[in-house]
Every structure is written in structure tokens, then in C-alpha cells.
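Residue strings, one per chain:
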Amino acid sequence: MGRHHHRLVPERLVPALGVTLLALLPLAFLTVFFVLPVGGMLVRGFYPDGAWDLSGVGEVLGRDRTARVLGFTIGMATLGTALTLTLGLPLAFVLYRLVFPGRALLRAIVVMPFVLPTVVVGVMFRALLSSGGPLGFLGWDRSWTAILLAFVFFNLAVVVRTVGGMWEGLDRRAEESAAALGASPTHVFRTVTLPALLPSIVSAGTLVFLFCSTAFGVVLTLGGLRYGTIESEIYLLTTEFLDLQGAAVLSVIQLLAVVVMLTLAARARARSEATTDRAAARSVARRPRAGDAPLLVVAGLVVAFVLTPVLTLVLRSLRGGSGWTLEHYRSLGDAGASPAMRVSILDAVQNSLSTAVDATMIAMVLGVCVSIVVSRRPRAAWASRLVSVLDGAFMLPLGISAVTVGFGFLITLDRPPLDLRTSAVLVPIAQALVALPLVVRTITPVLRSVDPRIRQAASALGAPPMRAAWTAEGPVLGRPLLAATGFAFAVSLGEFGATSFLARPDRPTVPVMIYDLISRPGVENMGMALAASVVLSLLTVTVMGVVERLRVGSVGAF
Amino acid sequence: MLRLDQLSVRFGDLVAVDEVSLALPAGEVLAVLGPSGCGKSTLLRAIAGLEDLAGGQISLDGKDLAGVPTHRRGFALLFQDGQLFRHLDVAANIAYPLRLRGVDRSETSAQVVDLLETVGLPDYANRDVTTLSGGEQQRVALARSLAAEPRVLLLDEPLSALDRSLRERLAGDLRSILTGTRTTALLVTHDHDEAFTLADRMAVMLEGQIVQHGPTQRVWTEPVDRRVAEFLGFSTFLVGNPAEQVAAAAGLPNRSRAPLALRRSALRVDPEGELKATVRRAVAISDAVRADLELDGVGPVEALAAQDAVLTPGDRVRVRPDRAGMALL
Numbered sequence: 048m049g050r051h052h053h054r055l056v057p058e059r060l061v062p063a064l065g066v067t068l069l070a071l072l073p074l075a076f077l078t079v080f081f082v083l084p085v086g087g088m089l090v091r092g093f094y095p096d097g098a099w100d101l102s103g104v105g106e107v108l109g110r111d112r113t114a115r116v117l118g119f120t121i122g123m124a125t126l127g128t129a130l131t132l133t134l135g136l137p138l139a140f141v142l143y144r145l146v147f148p149g150r151a152l153l154r155a156i157v158v159m160p161f162v163l164p165t166v167v168v169g170v171m172f173r174a175l176l177s178s179g180g181p182l183g184f185l186g187w188d189r190s191w192t193a194i195l196l197a198f199v200f201f202n203l204a205v206v207v208r209t210v211g212g213m214w215e216g217l218d219r220r221a222e223e224s225a226a227a228l229g230a231s232p233t234h235v236f237r238t239v240t241l242p243a244l245l246p247s248i249v250s251a252g253t254l255v256f257l258f259c260s261t262a263f264g265v266v267l268t269l270g271g272l273r274y275g276t277i278e279s280e281i282y283l284l285t286t287e288f289l290d291l292q293g294a295a296v297l298s299v300i301q302l303l304a305v306v307v308m309l310t311l312a313a314r315a316r317a318r319s320e321a322t323t324d325r326a327a328a329r330s331v332a333r334r335p336r337a338g339d340a341p342l343l344v345v346a347g348l349v350v351a352f353v354l355t356p357v358l359t360l361v362l363r364s365l366r367g368g369s370g371w372t373l374e375h376y377r378s379l380g381d382a383g384a385s386p387a388m389r390v391s392i393l394d395a396v397q398n399s400l401s402t403a404v405d406a407t408m409i410a411m412v413l414g415v416c417v418s419i420v421v422s423r424r425p426r427a428a429w430a431s432r433l434v435s436v437l438d439g440a441f442m443l444p445l446g447i448s449a450v451t452v453g454f455g456f457l458i459t460l461d462r463p464p465l466d467l468r469t470s471a472v473l474v475p476i477a478q479a480l481v482a483l484p485l486v487v488r489t490i491t492p493v494l495r496s497v498d499p500r501i502r503q504a505a506s507a508l509g510a511p512p513m514r515a516a517w518t519a520e521g522p523v524l525g526r527p528l529l530a531a532t533g534f535a536f537a538v539s540l541g542e543f544g545a546t547s548f549l550a551r552p553d554r555p556t557v558p559v560m561i562y563d564l565i566s567r568p569g570v571e572n573m574g575m576a577l578a579a580s581v582v583l584s585l586l587t588v589t590v591m592g593v594v595e596r597l598r599v600g601s602v603g604a605f
Numbered sequence: 003m004l005r006l007d008q009l010s011v012r013f014g015d016l017v018a019v020d021e022v023s024l025a026l027p028a029g030e031v032l033a034v035l036g037p038s039g040c041g042k043s044t045l046l047r048a049i050a051g052l053e054d055l056a057g058g059q060i061s062l063d064g065k066d067l068a069g070v071p072t073h074r075r076g077f078a079l080l081f082q083d084g085q086l087f088r089h090l091d092v093a094a095n096i097a098y099p100l101r102l103r104g105v106d107r108s109e110t111s112a113q114v115v116d117l118l119e120t121v122g123l124p125d126y127a128n129r130d131v132t133t134l135s136g137g138e139q140q141r142v143a144l145a146r147s148l149a150a151e152p153r154v155l156l157l158d159e160p161l162s163a164l165d166r167s168l169r170e171r172l173a174g175d176l177r178s179i180l181t182g183t184r185t186t187a188l189l190v191t192h193d194h195d196e197a198f199t200l201a202d203r204m205a206v207m208l209e210g211q212i213v214q215h216g217p218t219q220r221v222w223t224e225p226v227d228r229r230v231a232e233f234l235g236f237s238t239f240l241v242g243n244p245a246e247q248v249a250a251a252a253g254l255p256n257r258s259r260a261p262l263a264l265r266r267s268a269l270r271v272d273p274e275g276e277l278k279a280t281v282r283r284a285v286a287i288s289d290a291v292r293a294d295l296e297l298d299g300v301g302p303v304e305a306l307a308a309q310d311a312v313l314t315p316g317d318r319v320r321v322r323p324d325r326a327g328m329a330l331l
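Read top to bottom, the protein sequences are chains A and B.
First residue of the first sequence: 48, per the numbering used here; consecutive thereafter.
First residue of the second sequence: 3, per the numbering used here; consecutive thereafter.
Each hint can be trusted.
Restraint ranges, calculated between C-beta atoms of paired labels, are given here:
no. : chain 1 : residue 1 : chain 2 : residue 2 : range
1   : B       : S38       : A       : P425      : 35 to 41 Å
2   : A       : V412      : B       : S38       : 44 to 50 Å
3   : A       : G65       : B       : R283      : 48 to 54 Å
4   : A       : L433      : B       : R283      : 53 to 59 Å
5   : A       : G509      : B       : D195      : 36 to 42 Å
6   : A       : G509      : B       : D317      : 40 to 46 Å
7   : B       : D165      : A       : G509      : 27 to 33 Å
8   : A       : R314      : B       : R283      : 57 to 63 Å
9   : B       : D66       : A       : A337      : 18 to 24 Å
10  : A       : P242      : B       : S23       : 37 to 43 Å
11  : B       : V226      : A       : G509      : 48 to 54 Å
Far from chain A, some chain B residues (derived; all Cβ distances over 12 Å):
no. : residue
12  : V213
13  : T314
14  : V319
15  : R322
Residues on chain B that point at chain A, a partial pick, calculated with CB under 8 Å:
no. : residue
16  : A50
17  : L52
18  : T72
19  : H73
20  : F77
21  : A78
22  : L79
23  : F81
24  : Q85
25  : F87
26  : Y98
27  : P99
28  : L102
29  : R103
30  : A150
31  : L156
Read the hints as simulated data drawn from the structure, not as lab findings.
Beta carbons: idealized from backbone N, C-alpha and C, even for Gly.
Generate the whole structure from the sequences, applying the supplied hints.
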């Protein structure tokens, strides 16, 4: 008799109700810690003294400097994207369509830069290109070329992961049909493979463009404030010139651009999910042939390009005034080693770790909620539109200026009921915001890939909606959850943009300390920054090594 | 003439294709019939140049194909799910091989129209391939393959993904298209009917080896051994006296006392029959009743009864043997 209770609530509303409740928590979080700060920042700019003031918009847009900054940002992002795609596609082919010994290691090496802290990437390229570095003779130190190389270094993983994952899963029989009909390998690639890969290339390309155009840590460490990108300009206007209106205008431009790009990426992603016939279990990878030689060479060079800055960093951290030494590492525990520091770097490591643990927990709880919600496929058109809007909303933190968020935190969360300015929770919250989209992008594809008929079968056997969903989707979640946790942890450890605003001087994280060290002159400061970068890289790379062993394809793919 | 000599393909330690030799004269259709996992698809892919050979030779009209890449072999491949190019419409899919050969625009569109006519899909030229049904997709895929004017058309279970009535209709169409265009074709399939309808010659493949081949009708009625017979649908195997008794009743001379293989259709429940049996079980199938019988002096056998027969376990019935469903091994 008890079974009839269900009928009091129409059955179809039960899942809708559950999903709505799940959506509320992350939505509330996004509102308080994203919309509010960003909104607060914009209000300061456009509504300064209790009245709308848009007069500055034209003035800001008309400035020569603004045009230069926008031009530089777009130019660099375009170049960065083109170069990353050009180098990433051959690498994706080699790492995902060929089998050879050491492939797993190479895949891990290529994904590593994406989680390296931006500041560390900056330090690496400084170490490589500065006058004493192995490539110092090129004279690229503190030039836009260095920034461009760092963009490619940092974003290769996005292209390789996104396109490679797609490439690996393509049904090879379409290509074989074309070949049998008489198409040469290049013709097959151009007329069959490329069109099938295009959605993933667009998706990856858009994301790379987004990351290049909003990069902050890399630009700041490599170019100083000499090269204004839109992000560093927002930073400059906010902190140096207190020109909040100018900053607000640029933030809005950035926000619009980000929304456009995320929409494009989401469209491409939806298309690639819809049009792929996942090959039924057969492996498409094959052994390298003689004809693959040019691609293998390109891939080898790209891997060398990834390894060079890393190795340089490690080697230079071991060099002192008089040859090989561990002195930089020894001074990591010494709080008085440099006037740039108030605590020792080991203390900062401890701060970083505990902050990252908190951030990871927040990101995971919210990320799982969001993933469950956005992986539903409601039948009603309005509901499925709502789901895709939500999906997009939680991607926003990926592209919005970390500076805007960080500064927004400071100016909006500074009075009751939310007076968090001096609280230690702000840093993990900001980091969680950055990690959240990555968690969602790791877990959602896995949930979406579960055949809905398994859930229907469970329902038909009498499982209530939540139980049926758990039966179908629970078993596949284990490894993606672990992988997402590691990914979120690694990203939180390295987060620099927002943290640099929010970390209290007596509780800095390692990336913040590294930036402090390299912004001061002195060989010792640089040496310690190098050693600290090595320590931080080791931490993140170890975490990502474990994640990589979990073999979850969606990590770092978009 | 396509000729395979001692063809072998290995995946590590697994021998997928084991010294297969076959000959396919121009204009004929050969079916390689085998259960899933027997290596028949690998054989097809090897012929297409998509798998490396561990040994042996493939030649076409006396020319060795070793080292000739897939796209220069002049074959076409038709998979069970068509593998149409989703970003192209129907006409562009069919025009694909024509473009490759540099056929000019007007000639191409004329040929596309002809081919669509041939496969029974006029007016489909501008359709998006994702809107087609499974059967329509296969027809378009066939048209695309024919457009290449392949020296040999390779078909990998071309009809297996379709439902039964559609499969039967399309099989008939496919047969007349292949003979009408005098296309030399090699088909691999696990489906007896598909092989039977389409092929002039049939080769049975088990565990990587061709165990029997010859004209379709002959292979069908004269399996060489029990494994082939079992795969071809013979369900009852008799030796010794029972074999002789049944063969004699059917008027089948069996001087060498060979084992006897029976299809269900070899024994029919019939009041006029000369053998006697007890019913153990009876199940209705689509156009008959399948009966498990205990044949007097022989033992358990499978038989067929008329669709309206009412058989209950324990009933005594008479059975008429029919030599059309029997084979001596």
C-alpha cells in the first residue's frame, strides 16, 4: 500500500524538483561570489555617486591607449591560438592515433603545462630567455615573443586533449570508405577527418583564444606592465590609477567577448557531441609508419619545446654564483631570506596546500551539483534551453577577469551581512570559482555519455528517479570524481590572479610569493623564486600525474 | 580475377586470418560466411589494404597488390552502417568518388541522377544524410560505391543492420544491381540468407580458415564436416544404425555408412510418414511448429510440423523424412 504514496506528487515532477534543489546551491554561490562582485565592480564604474554616469564610456573607448591595449590583446590571442592549433594538431594525431612505447608519458608531459601555475610559467620563460639563460642570445626576454611562447606552452594541452579525444574516438570506417573509394591520405584528411574534427577544433580554438586574451599571470611576469593586455590594463587602472570607470568599461568589453566565445565553444561542443559516432570499442590507433615521419618530427619538436623551459627552470634553480648549489632550496625555510618576504616559503607552501584543500572541497561539492543538473536531458524545450544556459553560466568564471573578480570581492564583500574582507575564506572561494568550470567539464561529459536507457531500465524495474539515476550513473563516477578532485586541487594550488588581490600579506600562497620575489631585483630573489617554482611545479605535476593515471579523457578537454 | 594466396593476418599472437586462399572471377559475387569473430572482416580489410599481411599474396588480374595503398587499389568498401559522410548531402556523397577522378560537373550530376535511379532513390539528391532511414543510407552508400566503378566491391555485412523485411527486399535489389552492373563483389557476412541471396559462390570461414568453398547451392547442401554443417543450420547428427535407418527411409543411398546431418526440415510430422516418434516438446515458430521428437530406434531429433499442428508432449506421431534437408558428411 505504501507504494501508492508516490502518486500524491505527480511522478514527473519529482526529478524536476530534485534537480532544481541541486541547482540552487551552486546558483546561490555563483550569485554571491561572482555576480555580486563583478556587478559591484561595474556599479562602481558606471554608477559612481548614486547616479548613472556613462559619459566616460566614449572617453575610455576613444583613448589611444585603449585601442592599443585591445589591439594587442586580440592580436596576441589570435597569434597564440593559430600557433597553438598548428602545433597541437600534429601532436594530437601522434598521441591519440598512433601507438608506441612511451605514449602515456608523453601525454602526461603535454598536459602538465596547463596546470602549472601561470606565475611559474612566467618564471620558466624568464629563466629560459633572460640574459643568463640558454636562449638569452635571442633577446626575447620581456618581449611579446616570450608572452606568445608562454601562451602556446600553456594552451597546447587544451588542443591536444580536446581534439585528440575526439580524434581517438572517430569511427575509422568513414576514413576507410573514402580511402577505398580512391581518396589519398591527404585527401581523406581534408574531406573526411577534418570536417569531423572541426567542432572540436573550434571548441578548443575558442577556449585557447579565451585563455590567451584573459591571461594575467603570464603577461604580468613576462612583460611586466609594458605590454598592456586587457586584463593587465584592468589591473593597472584599478590598482595604480584608481580609474574604476575605465576598468569597468574594459571589464564589460571583456565580459561580452567572453560570453560570445563561450557560446561559440558550447555550440561547437554540442555539435561534436551530436555528430560523432563513437567507434564501438575498436581501437583506431595504429603503429607509426614511414609516412608519419614528418608529423612525428613536429610532435617531437613540440615535446622538446614543452620540456625545455621546465628543465631550464630546474637546472637554473640549482645554479648559484659559484656553480652548482642547493642554497636556494636551503633558504626556502628561512623567513628572513629576502626583504620581499614576511614568512618563509615553506610556510607559504603550507598556506597554499590548506587553501587548495578548502577550495577543492568547495569546487567539488558545487561542481558535482552543477554537473548533475547540466547533464539532464529534459524533454521540454524550455527546460533543455535552461539547462544549456546554466551550463554556460558556470563556464563564465573561466574567462572573466580574475582581477575584476578579485577586486570585486574586496569592494562588495566588505560590509555586513557579508564582511569577509579580512576573512581567510575569500581566497579558497575565489580559487574554487576558478576550478569550478574545470570540475564541471570533467564530470559532465562522463554523465552525458551514460546511455539513458540504463536509467529507464532501472525505472522500469521500480527504482524511484534518484535511485534510478544513481544506479545508472553512480558506477561510472568514481574515477572522474577523483580526477576532478586532483585537477581542482592542482588548479587551486597555482591560482594567481584573484589570489594576488585577496591573500593577506601574512598568509601568502606560493604563487603570490613567487611573484613578489621576481618583481624585486637581486640574484637571490630570482634564485629563491626558481626554487619555489620547482617545489610548486613538483606539487602540481605530482597531483596531475596521479590524475593522468586515472585515464579520464575529459580532464582538460573542452 | 581477384586471387588470394595463403593470406595470413596476425594481431600479436592471435592469428586472425590463417593462410586463406580464394579466387574470385570477374563479374561474380563471392560470400565469405562465418560466425562473428572468425576473422572474415579482417580478411576483407586485408584485401582492402587496411591491415598488414603477415604472409601470403593478394593479386588482381595477375598483378600483386603488395605495397599498393588502399586508395590506389580501385576497390570500394561498403560497411553495414553505410559510413556516409555526414557533412555532405546525398548527392555530394555519391559524387565523392567522381570528384576524385576529376569527372566534370555536368557529367557528375548526370551520373548521380542515374545512380540514385539505380538504387531506387530518385529525388533524394539534396537530402541531408542524417535524415535518411537505415535502408536509405545503405542504398546511398551502395550508389556511392558503384560510382567509383570499383574493380572489386567489398561488402562488410551490408544488410545486417536492417530489419528483416527491409533486409529481404534490399537483398533482392542488391543482387539485381550487382548482376545488372556486372560488379565483381566480395561479401563477408554471418547471415545465411544474405549470403544465399547475393552470392554465386560461397566460402565458409571458421577460426581464421576457409574450411569449404564452392557454388552457393553446393556448400549449402553438402557441408564437408560437422563444424560447417552446424554453422549452416544442420541441427541433428546421426551415426551408425540410426543414420542408416533414416537415410534408407529417405531413399538416400549411403553405402559408405557416413554420418548423417539433418536440418529441421529433413523430418516432417506427417500422418503418411513411415517413421514413428514420441513428442517431447513443441514450439511455434514463424511459419511452422518446431518439434523435439524421440524417434523410435534413433533417439532425439528436431523436426517440423505444419503451422496448425497441435502437439503435446507424449503424443505419438508419424514422421516423413525428406532428403532435401539431409547431408552425408
